[in-house]
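*Asks:* Could you slot chains P, S and C onto chain U? The hints should help.
Number of protein chains: 4
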Amino acid sequence: MTDVLHLADKVLRSRLFVGTGKFSYELVPDVLAAAGTQVVTMALRRVDRNNPQENILNYVPRDAILLPNTSGARTGEEAVRIARLARAAGCGNWVKIEVIQDQRYLLPDNYETLLATETLVKEGFVVLPYVSPDLGTARRLADCGAAAVMPLGAPIGSNRGLRTKELIGILIEEIPLPIVVDAGLGRPSEAAQAMEMGAAAVLVNTAIAVADDPVQMAKGFRLAVEAGRLGYLSGPGARREEAHASSPLTGFLGEER
Amino acid sequence: MTDVLHLADKVLRSRLFVGTGKFSYELVPDVLAAAGTQVVTMALRRVDRNNPQENILNYVPRDAILLPNTSGARTGEEAVRIARLARAAGCGNWVKIEVIQDQRYLLPDNYETLLATETLVKEGFVVLPYVSPDLGTARRLADCGAAAVMPLGAPIGSNRGLRTKELIGILIEEIPLPIVVDAGLGRPSEAAQAMEMGAAAVLVNTAIAVADDPVQMAKGFRLAVEAGRLGYLSGPGARREEAHASSPLTGFLGEER
Amino acid sequence: MTDVLHLADKVLRSRLFVGTGKFSYELVPDVLAAAGTQVVTMALRRVDRNNPQENILNYVPRDAILLPNTSGARTGEEAVRIARLARAAGCGNWVKIEVIQDQRYLLPDNYETLLATETLVKEGFVVLPYVSPDLGTARRLADCGAAAVMPLGAPIGSNRGLRTKELIGILIEEIPLPIVVDAGLGRPSEAAQAMEMGAAAVLVNTAIAVADDPVQMAKGFRLAVEAGRLGYLSGPGARREEAHASSPLTGFLGEER
Amino acid sequence: MTDVLHLADKVLRSRLFVGTGKFSYELVPDVLAAAGTQVVTMALRRVDRNNPQENILNYVPRDAILLPNTSGARTGEEAVRIARLARAAGCGNWVKIEVIQDQRYLLPDNYETLLATETLVKEGFVVLPYVSPDLGTARRLADCGAAAVMPLGAPIGSNRGLRTKELIGILIEEIPLPIVVDAGLGRPSEAAQAMEMGAAAVLVNTAIAVADDPVQMAKGFRLAVEAGRLGYLSGPGARREEAHASSPLTGFLGEER
Numbered sequence: 234m235t236d237v238l239h240l241a242d243k244v245l246r247s248r249l250f251v252g253t254g255k256f257s258y259e260l261v262p263d264v265l266a267a268a269g270t271q272v273v274t275m276a277l278r279r280v281d282r283n284n285p286q287e288n289i290l291n292y293v294p295r296d297a298i299l300l301p302n303t304s305g306a307r308t309g310e311e312a313v314r315i316a317r318l319a320r321a322a323g324c325g326n327w328v329k330i331e332v333i334q335d336q337r338y339l340l341p342d343n344y345e346t347l348l349a350t351e352t353l354v355k356e357g358f359v360v361l362p363y364v365s366p367d368l369g370t371a372r373r374l375a376d377c378g379a380a381a382v383m384p385l386g387a388p389i390g391s392n393r394g395l396r397t398k399e400l401i402g403i404l405i406e407e408i409p410l411p412i413v414v415d416a417g418l419g420r421p422s423e424a425a426q427a428m429e430m431g432a433a434a435v436l437v438n439t440a441i442a443v444a445d446d447p448v449q450m451a452k453g454f455r456l457a458v459e460a461g462r463l464g465y466l467s468g469p470g471a472r473r474e475e476a477h478a479s480s481p482l483t484g485f486l487g488e489e490r
Numbered sequence: 234m235t236d237v238l239h240l241a242d243k244v245l246r247s248r249l250f251v252g253t254g255k256f257s258y259e260l261v262p263d264v265l266a267a268a269g270t271q272v273v274t275m276a277l278r279r280v281d282r283n284n285p286q287e288n289i290l291n292y293v294p295r296d297a298i299l300l301p302n303t304s305g306a307r308t309g310e311e312a313v314r315i316a317r318l319a320r321a322a323g324c325g326n327w328v329k330i331e332v333i334q335d336q337r338y339l340l341p342d343n344y345e346t347l348l349a350t351e352t353l354v355k356e357g358f359v360v361l362p363y364v365s366p367d368l369g370t371a372r373r374l375a376d377c378g379a380a381a382v383m384p385l386g387a388p389i390g391s392n393r394g395l396r397t398k399e400l401i402g403i404l405i406e407e408i409p410l411p412i413v414v415d416a417g418l419g420r421p422s423e424a425a426q427a428m429e430m431g432a433a434a435v436l437v438n439t440a441i442a443v444a445d446d447p448v449q450m451a452k453g454f455r456l457a458v459e460a461g462r463l464g465y466l467s468g469p470g471a472r473r474e475e476a477h478a479s480s481p482l483t484g485f486l487g488e489e490r
Numbered sequence: 234m235t236d237v238l239h240l241a242d243k244v245l246r247s248r249l250f251v252g253t254g255k256f257s258y259e260l261v262p263d264v265l266a267a268a269g270t271q272v273v274t275m276a277l278r279r280v281d282r283n284n285p286q287e288n289i290l291n292y293v294p295r296d297a298i299l300l301p302n303t304s305g306a307r308t309g310e311e312a313v314r315i316a317r318l319a320r321a322a323g324c325g326n327w328v329k330i331e332v333i334q335d336q337r338y339l340l341p342d343n344y345e346t347l348l349a350t351e352t353l354v355k356e357g358f359v360v361l362p363y364v365s366p367d368l369g370t371a372r373r374l375a376d377c378g379a380a381a382v383m384p385l386g387a388p389i390g391s392n393r394g395l396r397t398k399e400l401i402g403i404l405i406e407e408i409p410l411p412i413v414v415d416a417g418l419g420r421p422s423e424a425a426q427a428m429e430m431g432a433a434a435v436l437v438n439t440a441i442a443v444a445d446d447p448v449q450m451a452k453g454f455r456l457a458v459e460a461g462r463l464g465y466l467s468g469p470g471a472r473r474e475e476a477h478a479s480s481p482l483t484g485f486l487g488e489e490r
Numbered sequence: 234m235t236d237v238l239h240l241a242d243k244v245l246r247s248r249l250f251v252g253t254g255k256f257s258y259e260l261v262p263d264v265l266a267a268a269g270t271q272v273v274t275m276a277l278r279r280v281d282r283n284n285p286q287e288n289i290l291n292y293v294p295r296d297a298i299l300l301p302n303t304s305g306a307r308t309g310e311e312a313v314r315i316a317r318l319a320r321a322a323g324c325g326n327w328v329k330i331e332v333i334q335d336q337r338y339l340l341p342d343n344y345e346t347l348l349a350t351e352t353l354v355k356e357g358f359v360v361l362p363y364v365s366p367d368l369g370t371a372r373r374l375a376d377c378g379a380a381a382v383m384p385l386g387a388p389i390g391s392n393r394g395l396r397t398k399e400l401i402g403i404l405i406e407e408i409p410l411p412i413v414v415d416a417g418l419g420r421p422s423e424a425a426q427a428m429e430m431g432a433a434a435v436l437v438n439t440a441i442a443v444a445d446d447p448v449q450m451a452k453g454f455r456l457a458v459e460a461g462r463l464g465y466l467s468g469p470g471a472r473r474e475e476a477h478a479s480s481p482l483t484g485f486l487g488e489e490r
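Residue numbers (our numbering), protein chains in the order written: chain U, 234 to 490; chain P, 234 to 490; chain S, 234 to 490; chain C, 234 to 490.
Hint data in this document are derived by calculation from the structure and do not stem from the laboratory. Just so we're clear, the structure is a prediction, and the values are computed from it rather than from any experiment. Hints should not be assumed to be uniformly reliable.
For chains that are exact copies, the list does not tell them apart, and a pair is met inside one copy or across any two.
Listed below are the simulated SDA-like cross-link pairs for lysine to any residue, each with C-alpha atoms no more than 20 Å apart in a straight line [unchecked claim]:
{"#": "1", "residue 1": "LYS255", "residue 2": "ALA478"}
{"#": "2", "residue 1": "LYS398", "residue 2": "ARG472"}
{"#": "3", "residue 1": "LYS255", "residue 2": "ASN392"}
{"#": "4", "residue 1": "LYS255", "residue 2": "GLU474"}
{"#": "5", "residue 1": "LYS255", "residue 2": "GLY470"}
{"#": "6", "residue 1": "LYS255", "residue 2": "ASN288"}
{"#": "7", "residue 1": "LYS255", "residue 2": "GLY269"}
{"#": "8", "residue 1": "LYS255", "residue 2": "GLU475"}
Here chain U stands alone, though its shape is the one from the complex (with noise of 0.2 Å):
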């Protein structure tokens, strides 16, 4: 019996999105292959139909699941106008939404993002939201047809790792959709230990295209991910407060045990 992931209308093998943001496009193949993705994410801007050379779509597996953000967009109908213009663009009805109003910590904007993810689901689209880790938002976009929630682990690009754990865990127990934690993974154990958690999947951009050898580290996030998703599936013991011999000597020689 093999574990997939089910998404939207997909089925997925891969629980390790990767998305192309500072990659020179070069490298793109190589990390996509390295990383074993089926879902990839892409700033629109970097969609240049005039420019093969500049298009990083020429860039990405053709069996790829495409999975543009909106970023670059402070408001949900900026975030509507772009995820129109990424499918007009043969980018497909996947959208991850991305609205950002901070400068400094490049939050999502919850509320925003909640009226995008309600437009869209209308028309059509598969919408994966970008939000800051939050109960009340996550319920509600799972009730207006969001197919996952993912939520922060760190701000982005700060490879600062899972932060917000505590709540990130309540949404996983609380809300029927896949939880893809977004942002902030900064090493291979991270993802694991989001995996643990029982996470549906992770994105991971940065922490790749910063490492010194991008197709190595891609590599690792993708082992992570398997392995934390095994020791999530595997029945983990409990963490005990005190020793526990694990051999049958640990104690002492010459003792009933």
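*Replies:* Same frame as chain U, now just chains P, S and C:
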């Protein structure tokens, strides 16, 4: 170019050592295969030449490096005695020194461990001492010829993870021997974290043994160790206080950048 | 020069707000005195004008600022109704908005909280909204005239501490209102940590109420809040990766330095 | 009933020990007063009988307990020599053993520290050894008559906090001596945390010395130590996985409860 671990006279591809305590004998072959391990620890009491059914060696692949531990020893002298018995029983000349006086947390006694190491190195053993993470002890172990240093991440069997991270990081930086994190790792992500810090390897027993599906968990740890090693080798980016746009469009439409 | 907190039209010396839930009435005066608190929260249901024995107001000092909460409200509208009843019952015009739809983690609903805040500010209330820590919500609350923002450190009554530290730090930096950490603080050290980060105040209820000695614990929180505030004000030194000799002799005898 | 600390032949009200390294002499009296400390550490080099201006003892209150440290010692023998010099110089018979061989992290050498302790206890000193947190070492120190055990929270002067929490907690539980957390505490909240765990006292130097306002920071640490001690004594409640309503109304209007 392949990344390998030089340990004493061996060249290892796998950086995941596995302990066989708490497993039923039948499970051992599948767990070891799933872990891809080349170094296997066992308590001497489970090495029973007269009873093949109860002899752990009959469940371990022939090409594995045996690493009998001295569990049950309360003094260096007892550890030396157990090590000699293990060699006489055909377990080879590698030994993990484990001297424990504490019943509750099963913490190793660094001083007695050092005494046993000195003696056994002179007798031609390849000695891997299990220690409480202490720089002075680790330096003396290196000086007297230990093959590696094995500090605990947390008490044996506690599944508490890398709680001694601060001190282990110092050992990795200061000691010119492989540092193998032993005890306490409870989740794959924690093994990955140790590897990302620069540990040479990790030893896992309880976390696999007590999982609902030990074979699957063994595979999870194998992937996590590889993931963490890749994370270490591929030169991860710095952690930042603030956000950093990961795509050319994160930020604002129409603004210069 | 004294450090005070300006909150709406009040000048407060104490930065420890205390909640009266879970206490027997008789304990309240001693706990409030030990906490040195000037702002006291209570649920409206405990304000019973017809029964002095069961009326929480008879146990609260006359000079305390009453901060009735809207607990029990599931919508903004219900919160507005409770706030009006509280004012009519003589509790004054301060109100803590608490709108909760989630039974398990009792997380506040940011959206309904914002609606109630908008309405009540217009009606002349001093509004302190309890929220899930989200920058966009906090900004809107500031824009519509809230007197402070009260993000949770962890779920109500969980004693789990400052689990949302990452997001609260961002609120402190970005929002031009007092940030009062509310819910989840379980130990004095956690209150001190919040203050060191720059929180304007903290609100504590359960941690004091469930202690074996609530009066002593109240005093502990009072001192911790003062300690953390002093830590914030006195300009702490940077954290360092390595050691740094703290005395002219740490280092080595006979060496120049 | 007053809570006091019995240490050797003294009964102490204050659980905050303060080090005088890195301070200009003039600051010392105000810092010690603000800290309310009764035990003051200093390096022997600063005890200069021939030069009152440069003699730290002239800046320390007459009723303080002097705790000269052996900083500069690389071996137990050197520590013993410094301790004797300190006693001869009129510093009394208390001594903090500090034996350091490591230049980078300034970690104490447990083995040499134990040797010095054995010798000095026999010579009638009250010995407080500074150690890397290790249970076996602590037990031997207790057996040979040390007055307390002083494990590090993090490297000296690093302001990194209680990074060795796991091991210090075990010392507190298992060792029948006062455990005094020494080195690394950088913020008042971290001192409070150590006290809440059951530490008998803490020693702070750098965190106060390098603050912009050392006197105010000293007061912050004093309050934090008292706060943490009260937190320990007053029987804090359990940490919970889920929320727990703190008021009779949190939950829902109109429902039975």
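*Asks:* What label fits LYS255 with ALA478 when the C-alpha limit is 20 Å: within, between, both, or neither?
*Replies:* between (48 Å within a copy, 9 Å between copies)
*Asks:* Is the C-alpha distance from LYS255 to GLU475 at most 20 Å within one copy, between copies, in both cases, or in neither?
*Replies:* between (46 Å within a copy, 17 Å between copies)
*Asks:* Using 20 Å as the alpha carbon limit, work out where LYS398 and ARG472 are close: within a copy, between copies, both or neither.
*Replies:* Intra 17 Å, inter 17 Å, cutoff 20 Å: intra and inter.
*Asks:* Regarding LYS255 and ASN288, is the shortest C-alpha distance of 20 Å or less found within a copy, between copies, in both, or in neither?
*Replies:* This pair counts as within: shortest intra-copy Cα distance 14 Å, inter-copy 56 Å.
*Asks:* If the cutoff is 20 Å on CA atoms, where do LYS255 and ASN392 land: within, between, both or neither? Let me know, please.
*Replies:* within (14 Å within a copy, 35 Å between copies)
*Asks:* From the Cα coordinates, with 20 Å as the cut-off, is the pair LYS255 and GLU474 best called within, between, both, or neither?
*Replies:* For LYS255 and GLU474, only the inter-copy Cα distance (19 Å) is at most 20 Å; the intra-copy one is 44 Å.
*Asks:* Evaluate LYS255 and GLY269 at a C-alpha cut-off of 20 Å and name the case that applies: within, between, both or neither.
*Replies:* Only inside one copy: LYS255 and GLY269 sit 19 Å apart there, 36 Å across copies, limit 20 Å.
*Asks:* 20 Å Cα cut-off: does LYS255 pair with GLY470 within a copy, between copies, both or neither?
*Replies:* Close across copies (13 Å), not inside one copy (40 Å); limit 20 Å.
Hint violations for this structure: none, all hints satisfied.
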